[in-house]
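Trainee: As a plain string of letters, each chain reads:
Number of protein chains: 2
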Amino acid sequence: MIEAPGQTAGVPGPGDAGKVFRTELNPVDFLHRAAYLYPEKVAVVDGERRYRYRELAERSWRLANALRSAGLRKGDRVAALLFNSAPMLEAHFGVPAAGGILVAINHRLASREVAYILEHSGARFLLLDAEAEPLIAPLSIPGVTVIRCGGGHGQDPYEQFLAGASSAMPVSWLADEEETISINYTSGTTGQPKGVQYTYRGAYLNALGEVIVAAMSPESVYLWTLPMFHCNGWCFPWAVTAVAGRHVALRAVDPDAIWRLFDGEGVTHYCGSPTVQLMVINHSRAHRLERPVTALVAAAPPSPTLLGRMAELNLRVVHVYGLTETYGPITVCPTQAEWQQLPLEQRARLLARQGQGYPSADLVRVVDGDMHDIPQDGEAMGEVIMRGNNVMSGYFADEAATDRAFRGGWFHSGDLAVWHPDGNIELRDRGKDIIISGGENISSIEVEQAICAHPAVLECAVIGIPNERWGERPKAFVTLNNRATATAEEIIDFCRQRLAHYKCPDIVEFGPLPKTSTGKVQKFVLRERDWAGRDSRVGAT
Amino acid sequence: MIEAPGQTAGVPGPGDAGKVFRTELNPVDFLHRAAYLYPEKVAVVDGERRYRYRELAERSWRLANALRSAGLRKGDRVAALLFNSAPMLEAHFGVPAAGGILVAINHRLASREVAYILEHSGARFLLLDAEAEPLIAPLSIPGVTVIRCGGGHGQDPYEQFLAGASSAMPVSWLADEEETISINYTSGTTGQPKGVQYTYRGAYLNALGEVIVAAMSPESVYLWTLPMFHCNGWCFPWAVTAVAGRHVALRAVDPDAIWRLFDGEGVTHYCGSPTVQLMVINHSRAHRLERPVTALVAAAPPSPTLLGRMAELNLRVVHVYGLTETYGPITVCPTQAEWQQLPLEQRARLLARQGQGYPSADLVRVVDGDMHDIPQDGEAMGEVIMRGNNVMSGYFADEAATDRAFRGGWFHSGDLAVWHPDGNIELRDRGKDIIISGGENISSIEVEQAICAHPAVLECAVIGIPNERWGERPKAFVTLNNRATATAEEIIDFCRQRLAHYKCPDIVEFGPLPKTSTGKVQKFVLRERDWAGRDSRVGAT
Numbered sequence: 132m133i134e135a136p137g138q139t140a141g142v143p144g145p146g147d148a149g150k151v152f153r154t155e156l157n158p159v160d161f162l163h164r165a166a167y168l169y170p171e172k173v174a175v176v177d178g179e180r181r182y183r184y185r186e187l188a189e190r191s192w193r194l195a196n197a198l199r200s201a202g203l204r205k206g207d208r209v210a211a212l213l214f215n216s217a218p219m220l221e222a223h224f225g226v227p228a229a230g231g232i233l234v235a236i237n238h239r240l241a242s243r244e245v246a247y248i249l250e251h252s253g254a255r256f257l258l259l260d261a262e263a264e265p266l267i268a269p270l271s272i273p274g275v276t277v278i279r280c281g282g283g284h285g286q287d288p289y290e291q292f293l294a295g296a297s298s299a300m301p302v303s304w305l306a307d308e309e310e311t312i313s314i315n316y317t318s319g320t321t322g323q324p325k326g327v328q329y330t331y332r333g334a335y336l337n338a339l340g341e342v343i344v345a346a347m348s349p350e351s352v353y354l355w356t357l358p359m360f361h362c363n364g365w366c367f368p369w370a371v372t373a374v375a376g377r378h379v380a381l382r383a384v385d386p387d388a389i390w391r392l393f394d395g396e397g398v399t400h401y402c403g404s405p406t407v408q409l410m411v412i413n414h415s416r417a418h419r420l421e422r423p424v425t426a427l428v429a430a431a432p433p434s435p436t437l438l439g440r441m442a443e444l445n446l447r448v449v450h451v452y453g454l455t456e457t458y459g460p461i462t463v464c465p466t467q468a469e470w471q472q473l474p475l476e477q478r479a480r481l482l483a484r485q486g487q488g489y490p491s492a493d494l495v496r497v498v499d500g501d502m503h504d505i506p507q508d509g510e511a512m513g514e515v516i517m518r519g520n521n522v523m524s525g526y527f528a529d530e531a532a533t534d535r536a537f538r539g540g541w542f543h544s545g546d547l548a549v550w551h552p553d554g555n556i557e558l559r560d561r562g563k564d565i566i567i568s569g570g571e572n573i574s575s576i577e578v579e580q581a582i583c584a585h586p587a588v589l590e591c592a593v594i595g596i597p598n599e600r601w602g603e604r605p606k607a608f609v610t611l612n613n614r615a616t617a618t619a620e621e622i623i624d625f626c627r628q629r630l631a632h633y634k635c636p637d638i639v640e641f642g643p644l645p646k647t648s649t650g651k652v653q654k655f656v657l658r659e660r661d662w663a664g665r666d667s668r669v670g671a672t
Numbered sequence: 132m133i134e135a136p137g138q139t140a141g142v143p144g145p146g147d148a149g150k151v152f153r154t155e156l157n158p159v160d161f162l163h164r165a166a167y168l169y170p171e172k173v174a175v176v177d178g179e180r181r182y183r184y185r186e187l188a189e190r191s192w193r194l195a196n197a198l199r200s201a202g203l204r205k206g207d208r209v210a211a212l213l214f215n216s217a218p219m220l221e222a223h224f225g226v227p228a229a230g231g232i233l234v235a236i237n238h239r240l241a242s243r244e245v246a247y248i249l250e251h252s253g254a255r256f257l258l259l260d261a262e263a264e265p266l267i268a269p270l271s272i273p274g275v276t277v278i279r280c281g282g283g284h285g286q287d288p289y290e291q292f293l294a295g296a297s298s299a300m301p302v303s304w305l306a307d308e309e310e311t312i313s314i315n316y317t318s319g320t321t322g323q324p325k326g327v328q329y330t331y332r333g334a335y336l337n338a339l340g341e342v343i344v345a346a347m348s349p350e351s352v353y354l355w356t357l358p359m360f361h362c363n364g365w366c367f368p369w370a371v372t373a374v375a376g377r378h379v380a381l382r383a384v385d386p387d388a389i390w391r392l393f394d395g396e397g398v399t400h401y402c403g404s405p406t407v408q409l410m411v412i413n414h415s416r417a418h419r420l421e422r423p424v425t426a427l428v429a430a431a432p433p434s435p436t437l438l439g440r441m442a443e444l445n446l447r448v449v450h451v452y453g454l455t456e457t458y459g460p461i462t463v464c465p466t467q468a469e470w471q472q473l474p475l476e477q478r479a480r481l482l483a484r485q486g487q488g489y490p491s492a493d494l495v496r497v498v499d500g501d502m503h504d505i506p507q508d509g510e511a512m513g514e515v516i517m518r519g520n521n522v523m524s525g526y527f528a529d530e531a532a533t534d535r536a537f538r539g540g541w542f543h544s545g546d547l548a549v550w551h552p553d554g555n556i557e558l559r560d561r562g563k564d565i566i567i568s569g570g571e572n573i574s575s576i577e578v579e580q581a582i583c584a585h586p587a588v589l590e591c592a593v594i595g596i597p598n599e600r601w602g603e604r605p606k607a608f609v610t611l612n613n614r615a616t617a618t619a620e621e622i623i624d625f626c627r628q629r630l631a632h633y634k635c636p637d638i639v640e641f642g643p644l645p646k647t648s649t650g651k652v653q654k655f656v657l658r659e660r661d662w663a664g665r666d667s668r669v670g671a672t
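Residue numbers (my numbering), protein chains in the order written: chain A, 132 to 672; chain B, 132 to 672.
Heads up, a few of these hints could be off.
Pairs count within a copy or across copies, as identical chains cannot be separated in the list.
As the list claims (entries may be wrong) - Straight-line C-alpha distance at most 25 Å; calculated SDA-like pairs for lysine to any residue: (1) LYS172 to GLN472; (2) LYS150 to ASP307; (3) LYS150 to ASP501; (4) LYS654 to ASN613; (5) LYS150 to TRP304; (6) LYS172 to GLN507; (7) LYS150 to THR455.
Source of the hints: derived by calculation from the structure; they are not laboratory data. Bear in mind the structure is a predicted one, so any value in this text is a computation, not a measurement.
Assemble the whole structure, with the sequences as input and the hints as a guide.
Mentor: So this is what it looks like as structure tokens:
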């Protein structure tokens with residue numbers, strides 16, 4: 132039974148301290164409310180398991196109470212090596228409800244990387260999916276209490292852990308909404324991973340921002356294609372629950388399962404990179420959906436081909452951009468009604484822009500090396516910087532990295548963009564993906580977009596490769612559509628019709644692209660080959 | 132031209148003080164963002180005038196800069212006696228952008244009441260619509276700078292006031308989101324009106340709550356049937372702007388204009404009491420709308436007849452409840468999908484409940500005289516109390532009234548409700564509308580709902596009238612539908628089939644009901660006659 136609000140935490144009873152007109156922003160309260168208003172509504176579908184909001188809340192409070200009984204103190208880190216599942220969702224509510232800090236770990240990391248995160252975060256608890264056991268088996272982690280999750284049956288230790296605890300919402304220990312709710316470790320392409328701290332306030336506001344940008348309502352059904360370990364699933368565990376929508380869990384991105392759930396569960400929303408979108412649109416079960424389904428696309432802009440095909444299937448694209456340090460997305464491309472009239476390629480070009488800040492965020496800036504705004508001319512390139520409620524509070528236990536990232540009072544994304552006259556930003560390169568050829572900057576993203584506009588191209592990645600004369604020159608790696616054909620010369624010609632010739636690749640290589648678990652192309656893998664044996668990955672003229 | 136965010140207020144430039152990860156919540160930023168992302172989109176339609184978001188922002192910043200040039204200091208009160216119009220919307224952004232506190236005044240008050248509010252609030256400026264001039268003419272208000280608004284033409288002093296000022300967003304003086312953004316005076320049915328203070332934080336969060344509860348998006352078109360002077364239009368000036376939706380102004384509730392704008396402007400949302408809804412559904416132009424239009428209904432629950440007719444017209448009802456002290460609505464009836472299958476009368480009975488807290492609010496409680504929760508049995512009656520971010524910060528310059536309202540750490544609404552087993556509240560009486568007959572409490576709302584279920588009844592009001600034997604007895608005032616007929620005996624019989632007999636009225640009087648400017652029935656006018664010549668309005672046995 133859901134307790135009356137006066138008898139539970141989050142809503143202090145008569146005589147409690149604090150201001151009548153202020154409650155600390157806390158996304159845990161979204162679950163309390165959803166369970167109170169919609170107790171019998173299905174909250175989560177996880178394979179054969181279906182939990183109503185009353186059950187999801189009870190299970191989350193059980194987790195919280197069990198953690199406290201097991202010795203959790205305020206601020207203790209609770210790591211989770213879980214797939215998208217009911218327990219992972221419960222961890223997003225139960226751990227902060229207990230007063231702990233959630234450290235959700237990418238289950239595709241190597242053992243040694245997991246060990247680093249457990250060690251660095253000082254985790255005292257670990258929620259461990261049975262399938263992730265091999266990651267932990269080689270490690271010695273004496274200070275960590277491991278709670279194993281497997282199958283949800285009576286013998287499941289996680290279920291036993293819950294069964295032994297009270298289902299009443301625990302009294303909140305939160306004193307200030309700027310306390311840390313979670314730590315998300317970056318992928319660490321350079322150096323060791325860094326622990327990005329999210330606050331209760333930021334998570335709450337970002338969740339409401341996602342509700343608004345994705346236009347979710349109590350009728351929404353959200354499919355978990357995005358891993359919850361990735362930026363806490365862009366705060367969607369909290370966002371979907373804020374509107375008492377339905378979570379549909381998905382352990383791995385499997386286009387067959389995605390189409391089965393689109394049709395069978397009435398999915399209305401999901402998130403994914405173009406790589407995920409490509410898997411969805413190219414699957415044999417793909418068909419036009421009766422109701423529009425909203426797809427938040429990030430990591431790279433959707434190509435005209437992708438956009439056209441998604442529109443045919445009734446998939447409505449919302450293009451967003453962000454980083455782990457910004458709770459996932461912080462900007463959204465503001466679609467204008469007039470765009471519907473434009474030809475596909477032009478529409479794709481406009482929708483390729485990352486746009487501007489979420490309703491819950493500040494507007495972002497693009498600056499030069501002295502932190503002065505660059506010209507808003509769509510040509511000059513600068514670094515994207517952010518500040519406000521959708522920016523992390525810092526890197527856990529790494530003051531030097533925090534100070535560097537926050538220099539001048541703004542968070543420095545390391546991403547390069549142009550700034551359009553209408554105020555929208557458009558990414559040119561993620562951090563180090565810029566190619567410098569004969570002293571000219573070439574945006575690998577710009578070249579990729581030009582190549583992706585070719586009707587035969589499914590996806591592509593462009594890197595700089597060493598060149599005696601120019602320092603670096605662009606090289607393209609291209610995957611073609613099923614049954615489509617194109618030669619390297621055709622691709623290069625196509626590119627030269629669209630871009631300055633110096634920006635066009637000299638070499639095109641065909642084949643599948645190496646990807647991270649979140650669907651990002653691993654350019655460093657591509658670079659390995661061409662840069663093998665060199666000290667620097669930056670070409671010198 | 133909209134300034135780049137780094138060059139304007141709200142987004143401090145490099146080297147500014149403050150935390151990188153915190154921006155004070157400020158609804159003014161919604162306009163800054165909307166104008167930045169959607170500069171060419173029509174923001175407001177006001178008769179012949181149509182302003183794009185760029186223009187609405189520029190006009191609001193001009194107002195702010197002009198107020199500062201005219202001597203406004205931080206925290207100065209700026210009163211507005213304006214109809215729903217572009218200038219009234221601009222006041223909701225320009226006054227807080229200037230650092231002033233907006234005091235929007237009901238233009239249907241008497242001169243003497245306006246004088247009290249100007250005096251009590253210490254207003255230094257007054258934005259005055261030409262049509263409201265007669266309210267001010269008899270007054271001596273030497274300390275108040277009056278800016279007259281009329282027609283929006285070149286000779287309009289308000290337009291001249293704007294023309295002389297910069298259109299750049301002024302640097303924000305906001306230091307803390309708990310500062311006061313506006314003061315809204317209660318209608319003062321008992322004693323003098325009280326000045327309800329809203330904070331920037333509360334206004335921001337309530338606006339996002341309204342976006343979510345009303346399910347608004349950038350495609351939304353909001354019709355201003357609700358007066359903006361009433362609880363700052365339930366924060367919808369800020370909410371609609373948060374999603375860059377469109378405002379359609381309406382100077383007075385005129386069903387002919389409402390239907391013209393429904394059809395001509397593609398309205399998607401509006402708010403109104405059942406009285407307003409009745410005017411809408413009973414108008415000769417009423418017809419089924421192609422797209423569903425969301426109607427937020429407050430002040431009284433919709434009757435089965437009203438609900439049925441609204442469904443026929445494709446008007447989707449969201450039933451909400453609140454007070455001036457809670458920024459307008461603070462609870463919403465959580466519609467459950469299963470309800471669609473129920474017969475109309477049963478559905479209306481469920482939808483008549485006021486529900487529970489907004490996503491942005493805490494859950495509300497119902498308590499006895501000792502502030503203990505009453506049983507959740509749907510029978511016991513208690514007082515509705517609230518706390519959290521959607522509660523006012525206090526009454527302006529009235530510590531005693533604030534302390535009384537906030538006793539025990541909760542805001543006391545004075546409204547009486549039952550608490551259902553599923554946690555929803557259902558109002559039984561607004562403050563003093565309880566009828567005590569032979570020592571038994573009778574809820575006038577419960578009796579009104581029973582009578583309103585009669586197919587011939589358009590609306591009704593029930594009051595207690597003095598009775599020698601029982602102290603008080605219920606009396607019903609009834610307005611019948613066009614062309615419908617019913618006798619008093621039929622109404623009483625109908626009522627006795629639904630309620631305990633002691634709750635049913637002894638007398639039914641037919642005719643139109645006296646209303647306030649916001650559509651609430653003025654029960655005190657009805658009571659005047661029956662209680663004339665008595666000291667107390669509470670019947671003694």
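Trainee: Does each hint hold? Answer for all of them.
Mentor: Quick rundown of the hints versus the structure:
1. With identical chains, the CA atoms of LYS172 and GLN472 are at most 25 Å apart between copies only, with a shortest distance of 16 Å across copies and 40 Å within one.
2. For the homomeric pair LYS150 and ASP307, the shortest alpha-carbon distances inside one copy (13 Å) and between copies (15 Å) are both at most 25 Å.
3. For a Cα distance limit of 25 Å, the shortest separation of LYS150 from ASP501 across copies, 20 Å, qualifies, whereas the shortest one inside one copy, 43 Å, does not.
4. Taking the shortest Cα distances, LYS654 and ASN613 sit within 25 Å of each other inside one copy (23 Å), while across copies they are farther apart (74 Å).
5. Proximity of LYS150 to TRP304 under the C-alpha cut-off of 25 Å is found in both arrangements, the shortest distances being 16 Å within a copy and 24 Å between copies.
6. Taking identical chains as interchangeable, the C-alpha atoms of LYS172 and GLN507 lie at most 25 Å apart only when they sit on different chains, with a minimum of 20 Å there against 48 Å within one chain.
7. Taking CA atoms no more than 25 Å apart as the test, LYS150 paired with THR455 passes between copies only; the shortest distance there is 18 Å, against 33 Å inside one copy.
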